Amino acid sequence: MSGSPYAAPSEADTEAMLDAVGVDDVDELFDIPESVRFDGEFGIDAKSEQAALRETKRRLSKNDDLTEFLGRGHYEHYVPSLVDSVSQRSEFITSYTQYQPEVTQGFLQVLFEYQSLLVELTGLGIANCSMYDEATALAEAALLAKRVRAADGHRVLVPEYVRDNYVSVLKNYTGGSDVTVERYGTDDGNVDLAALEATVDDDVVMVYAENPTTLGTVEENLGAVGDLADDHDALFCLGSDPVAMSVLQRPVDVGADVVVGDASVLGMPTSYGTGLGVFATREEFLRQVPGRLVGVSEDEDGTRAFTLTLQTREQHIRKERATSNICTNQAWVALRAGIHAAWLGADGLVDLANELVELPRDLAADLNEIRGIQAPIHDRHHVREFQARTDQPAPAVASDLESEGFAVHAVDNHILQVCITDANAHAADEFVAAVREVTE
Amino acid sequence: MSGSPYAAPSEADTEAMLDAVGVDDVDELFDIPESVRFDGEFGIDAKSEQAALRETKRRLSKNDDLTEFLGRGHYEHYVPSLVDSVSQRSEFITSYTQYQPEVTQGFLQVLFEYQSLLVELTGLGIANCSMYDEATALAEAALLAKRVRAADGHRVLVPEYVRDNYVSVLKNYTGGSDVTVERYGTDDGNVDLAALEATVDDDVVMVYAENPTTLGTVEENLGAVGDLADDHDALFCLGSDPVAMSVLQRPVDVGADVVVGDASVLGMPTSYGTGLGVFATREEFLRQVPGRLVGVSEDEDGTRAFTLTLQTREQHIRKERATSNICTNQAWVALRAGIHAAWLGADGLVDLANELVELPRDLAADLNEIRGIQAPIHDRHHVREFQARTDQPAPAVASDLESEGFAVHAVDNHILQVCITDANAHAADEFVAAVREVTE
Amino acid sequence: TNEPLLSEKDQTSVDVDSPLPDDLTRDEIELPSVEEPELARHYVRLSQQNYGVDSGPYPLGSCTMKYNPRFTEDAAALPAAAVHPDRSAGSLQGTLELMADLQDYLGRIGGMDAVTLQPPAGAAGEFTGILLAEAYHEANGEGHRDEVVVPDAAHGTNFASAALGGYDVVEIPSGDDGRVDLDALEAALGENTAALMLTNPNTLGLFERDIETVAEMVHDAGGLLYYDGANLNALLGRARPGDMGFDIMHFNVHKTFATPHGGGGPGAGPVGVTEDLAEFLPDPHIREGTNGYELYTPERSVGKVHGFQGNWPVLVKAFAYIDRLGDDGLGDASAKAVLNANYLAEQLDYDIPLGPFHHEFVASAGDQDAADVAKRMLDYGVHPPTTKWPELVDEALMTEPTEIETKSGLDDLADAFNAVAGEDDETLASAPNRTTARRIDQTAAARNPRLSWHDLD
Amino acid sequence: TNEPLLSEKDQTSVDVDSPLPDDLTRDEIELPSVEEPELARHYVRLSQQNYGVDSGPYPLGSCTMKYNPRFTEDAAALPAAAVHPDRSAGSLQGTLELMADLQDYLGRIGGMDAVTLQPPAGAAGEFTGILLAEAYHEANGEGHRDEVVVPDAAHGTNFASAALGGYDVVEIPSGDDGRVDLDALEAALGENTAALMLTNPNTLGLFERDIETVAEMVHDAGGLLYYDGANLNALLGRARPGDMGFDIMHFNVHKTFATPHGGGGPGAGPVGVTEDLAEFLPDPHIREGTNGYELYTPERSVGKVHGFQGNWPVLVKAFAYIDRLGDDGLGDASAKAVLNANYLAEQLDYDIPLGPFHHEFVASAGDQDAADVAKRMLDYGVHPPTTKWPELVDEALMTEPTEIETKSGLDDLADAFNAVAGEDDETLASAPNRTTARRIDQTAAARNPRLSWHDLD
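Chains as they are written, first to last, in the UniProt record's numbering: chain A, 1 to 440; chain B, 1 to 440; chain C, 16 to 472; chain D, 16 to 472.
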C-alpha cells in the first residue's frame, strides 16, 4: 500500500503532470522553508478499507450493549429507512453549501421545506436552516435578544432545570457581549412564576423556559412567563422540539419571540449528542437572525427558484459585524429531520407526540409500584421522561441497572431520570423488572 | 393501521376516483364470481415499519454467530462500501429490464461493462448479462451444447468432484432434452484423464471440468481435457470464477468453448447461496446463447448507445423455441460484481487471487501440524480451500468446531473441507487453535 | 453527454505474477484501473441515466412495478442474514424460521398447502411447476402425458418453461371476450394433457370467469391446473388460486410483494402446490421438527432447481413486506391497484376494447404505432406501458399503474397518454427527443453485434 | 421541470386530540401527508437537482471538496456508534478509545500537544481557540488583552469568531506578495494583542515564508498564534503548525479528512493546543486512566462549546479516513493536491498573479466579471471556483481542484475555464442556460423575503 487510494493521478499521469509543471519532483512545488519542514512520521500505518473498517469496529465493540432509557436533551425515535436511503445519496451528502443555487435547487428546496416545517410548528414567521444544537441555538438567541432589544440590558434568565452543559455554552457565547446568565427558580418541575417575577427587571434582555422541560415535565404557565418577559421588554425564548411542538401549546400562542431546541430528535439515531439547533423567531428580527436562510425568488425565465438569501448578515460578507460566526452548520441533519417529519406527516407527528405522553405516564406508574421508588416526583404531565425518587442511592441503582443491561440518568443522590420513547418502549417490561430486581 | 402504507391514494382521492369510475365501492370493480371469492383472513397482522423490521431481526437473531470457513461454490470476499452505496441508488435498484433503452442507458452500460469483464477474463468472444447461478449456467451450457453440436448426441460428462446439488439441477434442466448426465473419474482432486478418455465418445455433447475445482484444487491438465472433448466434437465447458480467472490459465487458452461459474464471489456477502451465473462462450454460438445480451448501437443523432440485442433468442419473442426460459435474471448482482471488479482493478484482482492461493496453502500447513489432521489431502495447488483428513469422525469435529464458533464442511466420514479468504483470514489463528482444541 | 466506458478511462495491462507455476497461470490481464473517486462518479452518472420506479410512473403492464419499501433493504442487509448455505440447520434456526414463516404466509395468500422458496425467478418457478407436474404424472403411471396447454395471451415464459421441461406446447386461441375459449380448451385437452398454464386475471386484466369450469375440464382430462402468479397483485385478499382449483402456482415476489426488480433481477419464484403434490417439492424443504426447524428431502422430490436455496435476500425482502402489510395492507394494495387502473383508464383518450379489467388494461393505439407511442411518452418524463402485446388488441398498450400512484400522479400520466394520442405519426416516429439517448437503432445492434468493449475501436 | 413543494402535493390539517388537557395543547397543525412512494420520488428528484463532489469537479477554493470515501459512512453507521452522550464512561470504552486515538492522531498531524474534539465546526473551533486564548491571558493576569489581529485575506469566520469572543479585530493589509506584511504586523501588535489568526498556506495558496519571524513577533508581543486549519490539506506530512510556532489550531475535518460536507454540515472543528494551553481545554476531555478511558474536566477548562460532545459521527468518519490513509496516504494526498493545483494552473488562459502556490491558486478573470464566469462554467457541467475573494486579486477565481481529480479530469476542467475565458460578456451575463434553474434573482429574494411555504400564495 502506498499513497492515498483517493488521490486520482496514476503514476504515469503524475510524471506527465510534473513535466507539464516543469519540476522533477512534487517536493519542489512546496515553498516551505527548510527550518519548518517536517521530516518525521506520524506513525500511522496505512490500511486497506477492510482493515480500517475493522479497526473502527474493533474499538466500538468495546462499548457495552445497553438498552438506554436516557434523554435530557438527546432522544431517540425510530428512524425510517427512507431517511438513510435518501440522505446518503451522493448528490446530497457530497455537496457544499449552496453558493451556486442554479445547480443546487434540490438541497435548497429541502432546506426551505425544513424551514417551513418549523414555521408551522412554532407559529413564528421565520426559521433558519440550523444551528449546531439546542445549546448554541439558545446562546444565539441571547445574542439576538441583546442586539434587538430597544434598551441596553445585561441579564439573561434561565430556569433551574436547564442542563449545566447548556448554561456553560450560553455563558461562553455571551461572554464577549457584556451579558450575565442567571438561573431563576422552579417549582415542582415548572417555572416558579413568583421567583421569576421577583427577579425579572428592565435589565433583562431574555427570559428562557422549556416545554417540555429537561425534566420531562410539561410547562403549565408559559403564557404568564411570556407576559412577564414582555412587561420588561425582554424576549421570551422557548426551548422545545419538533415532535413535542406538534401537540403542545403553539409557541407563538404563549408569546414566544424565539424558539430554540433540538430537531435531531427526528432523523437521527442516538449519536453521542449530535444536534440540530432549531432557531425560529418573529419576522421583525429577520435581519438579526444568525445562520443561513433559504428564500424564494425567480430565475431568468421567471420560474420559481430557491436561493440562500440575506447573506449580508453572515460572516463571509459582514465579517466581525456578522450576526454570528457560524458557517458550516447542520444542513444534512436538517435534511434527515425533514424527511422523517414528512414521512410521519401531520397525523404521524401527533400520534408520536401523544405516544410520548402516554409512555412515561405508564412507565412511571409501573415503577411507582416498586417498593422504594416514587415516580414521577413532579405532579405534572410528562413528555418522554420523568424523574423518580429512589430510597437507595440513585448512582448505585443506575450502576446496578447497567449490570442488568440498562442505562438511566442518576441526576441526584436519590433521583433517577428515565426516558421512554417508541425506540425503547418494547423493553419497558424488562426494564421495570430490572429496576425491581436491583431495588427491592 | 389500516391499508397499505404504499398505496398512494388518500381517502379523499379514493372517493373522487370511485366517483370518476362510477362505482360506490371498490369491490364492484372486482369481476370475481361469488363462488371463488375469498372471504377468509390470511391471519397476518399489519405492523409498523419499526415492528416489521424488528420481527425480521428477531427471527434472524436466532442464527448462531459463527465464523465460517465454508466454500464449495459459495464464497465471501470483502465487499467495498462503494458497492452498497452505488447499487442501492434508486435509479438502479428500482428499475426494470431495459426494454426502453433511451431511458436506461446507465444500467445498459453497466451490464455491457460486466460482459466486457467476463470476455477479458475468459478470452471468449461473448458473455451474457447473467444466469441465476453456476448450476443453472452449467445446465444452460449443456443445452447449448446439445443445440449447437453438428451431430445428435445424448451424453454430458461431469467430473466426480462436482457438487450433487449442481448435478441435480443439470439433470432437471436437461431432462426434457434427451440428455443423460454422467460422472467421470478424478484422480487426486483433478480430472482423471485416462478415465475421461475411456468414457468419452461421439455421443458426448459436452465435457465439463472446473478450475479451481469444488475441492479447491487447481486443475493441471485442462488443455488435455479440451483436446479430448474436441476429438469427439463435444463442447468443453469450464467452471471457474472471476477472481480465480484473473490468474489461472485463461479458459480460451485451454480450449474452453463455454465458461460458467459464479460471479457473486464479487460484490455479494454470503447470502445463503445467491448466485450470479457466468455464461461466456465463443462468438460462433452467439445466436444460441441463453439470457440477455447488451450490445452497442447508435441513436438517431449518431451517438453511441447501448441496447438489449438479439432478443429474438428470448422467450418473450420466440416462446417455446427460445434458447432458454429465463426472463428475470441477476442483473443487480451483476451490477454489484462489476463495481467490485472495477474497484479492485486489474492489479487488485490479481493480488486477491494470489492471496487466495497463499492463504489455503498456509492454513493447510498449520492444520497439518496438528496431531490427527492431514492437510491438504490433494497434492495440488489450491485456491481458497482444501480438504483435510481427520482421524476422528469429521462430522463430530465439525460439530465440535461449531461449539467453538466455527463452521466447516464435513464432506465425508473423515474428510473436512476448509475455505479461507480475505474475509475470514483474520480469524485463522483462532481457527487453528480451535481445531487443535477439538481434535487433540 | 455520454459517460465514457471504464475502458475509455483507463486500460491497465498487468503481467500476472503468481505463487502458482507459470504453466498454470495466464500471462496477462488487461482491465481498467480507476481510483475510487472517479469510479464513484462513473456509477453515479450512469445511475442518473437510468429510470426507475422512484423516478416516476412505471405502468409497464404485467410487470407490476410497485414501490420498493426501503426498510426491506435494511432487513435483507442485517448481518445475521449473511450466512453460507452449507451451514448446519442447528446453527441457522433464524434463517429457517423466517423461511418457514414465509412458506406459511405464501400458502395462506395463495390458498396452497405447501410452498417451496427455491426457484430463483418467476420463470424458474414455472419450470419447477412443470417438473412437479411431470413427477406427479410419472408417479401415477401417466408418464405418457407430454402436452402442456397454454393460451395465446400467456407470457412467453409459459411456453418456454414447458418446452424446457420437454413438453409439447399446445397453444389455444382466446375467445372474443379475451378469455379462455372453452371450446378451444375442450379441443386441446386430452389424454396427453399434463397441464394447463393460466394467468388470472389474464394479461388483459380480465378475470377468467369460467375458472371453475376450466378447472373441472382440466381435471376431468387428468391434467393439472397451473397458476402463473404474474397478476396476483389484482386478487390479494379477494380470491386465491387454490380456491379456484389450481394445483400448482408460482409467486412473482417483485410483482406482488414489492421486492425490487434491480434492472432485471434477482427475483424469486416460490411455488405453491396442493397437498397431493407436496411430496414432489424440490430438495431441501423446510419444516418445523421436534428440535426446531429442519431441512429435509421430500419423499419423491424432483431434486434441485437452483444450486443452493434460491435468492435468499429477495425472500427476506418479500417476507418483511408481507409481515408489514398484513391482511389489511395486502387487501388494500389490490383494491388500490384495481382502482388506479380503472381510474386511469377512465381518463384516457385511447380505446380500451375489453373489460371489466382489474389491475391492468390493454388500450389500443388505434392508427398509431404502439411502439412509437411508447417512445414519445418518454419525452413526457414517464415510462410507457408494455406495447404490442398481447396481440389480441391492435397496437396494444398494456398498462398497469399499480397502487403506488396518487390521483394527481395518474392525472399527469393520463395527460401524457392523451398528449401523445393527439400527435401525428411524424412526431411519434422521431421521438424521443428529451431522453439521454434518442431513438436507438435496434437493427444495427443485432446486425453487427458488439457485446464487449473489446469489440469497439 | 420543478419538483413541487411537499405543501403543493398535500396539506392536511389535523385537529390535535391528545391525552393532555386542552389548555396545554395546540388546536391544530397543518402539514403535508404524503405516502412513502411519492416521498421517495420527491427526494430522489430533488437530489437529481443537486451537484455534489460525486457529480463532477468541485474546485471551490478554500473549501477543499475531496472525495468522501463511502466506507467512512459505514464506519459511522455501526450500531455500536449509536449511543447516548450521558452514558457512563465505563460502558463506553469503545467510543472513548476511538476519540482518544483521534485526539492522538490529530496531535501528531498538527504537531500539537493536546486536542479537543468538541467544536462542531471550523468556526466553532475558531471560537473555542479564542476562548482558550482569553482564558490563558486571564490566567496570566493579562486579561486586558482585547485585540485579535487578522490579515485582510483571512476567512470571514476569523473576524466573526474573534468578535463573538468580545475582541476588537485589528485587520492588517497583506503585502504585495500576498503574504503577511511584517511592518503592518509590527504596527498592529502591542500590549493589547491577544492573538494573531493566520491561515497557512494562506487563502491565496501561498506559504507564509516568514512564519518563524511572525511567530516570534507575536510571542514577543505577548500574543498567541492561532492557526486556521482550512488549508492544512496542502501540508500533510510536510509541515506542521506546531513546528511553525502556532499555539492553537483548528482542523476542518471535511476539508482535510474527507468527511462529507452534507450541503452545509455537519462538520467538526477539533482544536489542538500546545502544552501550556491544555489545562484550559473544553469540558469534558478524554484521557486514558488506570481503569480505562475516562472523561474529566481540565483544571482550568473554559467549559463547554457544544451541548454534548460535538458531531460524533463526523469524528468517526475522520478517524476512519486517517486510519486508512496513514502516513503514506496523507502525505500523498497533499502531494497530489498541490500537483493538481499546479497542473491545472498551467493549463489555464486566465492570469494567476501570485505564487508559488500550493493546493489552491487565485486566478484573475481580468476584464470579465468573476461571478459571471462562475455562472457560465455551470453550463459546462462543472462547479466553478470561489469568486471575487480574496479581494487582493481582481475578479478572483479561487481554485482548488484537490487530489481527487485525474489528469484528464483536470484537462476537461481547464477546457471549461478556457472556453469561458474566450467568451464575451453578454454570453457570460446570460449564463447559465443548461442548469436546473437559470440565473436567479438574488435581489428580489432579499427584497421580498419568503422563507417558508406559508409565505407563498
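Among the hints, erroneous ones may be present.
[As the list claims (entries may be wrong)] Here are the simulated lysine-lysine pairs, DSS-like style, with alpha carbons at most 30 Å apart: (1) B:K57 / A:K57; (2) D:K422 / D:K403; (3) B:K146 / A:K57.
If you're looking for bench data, these hints aren't it; they were derived computationally from the structure. Here the structure is a predicted model, which means the values were calculated and not measured.
Results of checking the hints against the structure:
no. : hint            : verdict
1   : B:K57 / A:K57   : holds (20 Å)
2   : D:K422 / D:K403 : holds (27 Å)
3   : B:K146 / A:K57  : violated (52 Å)
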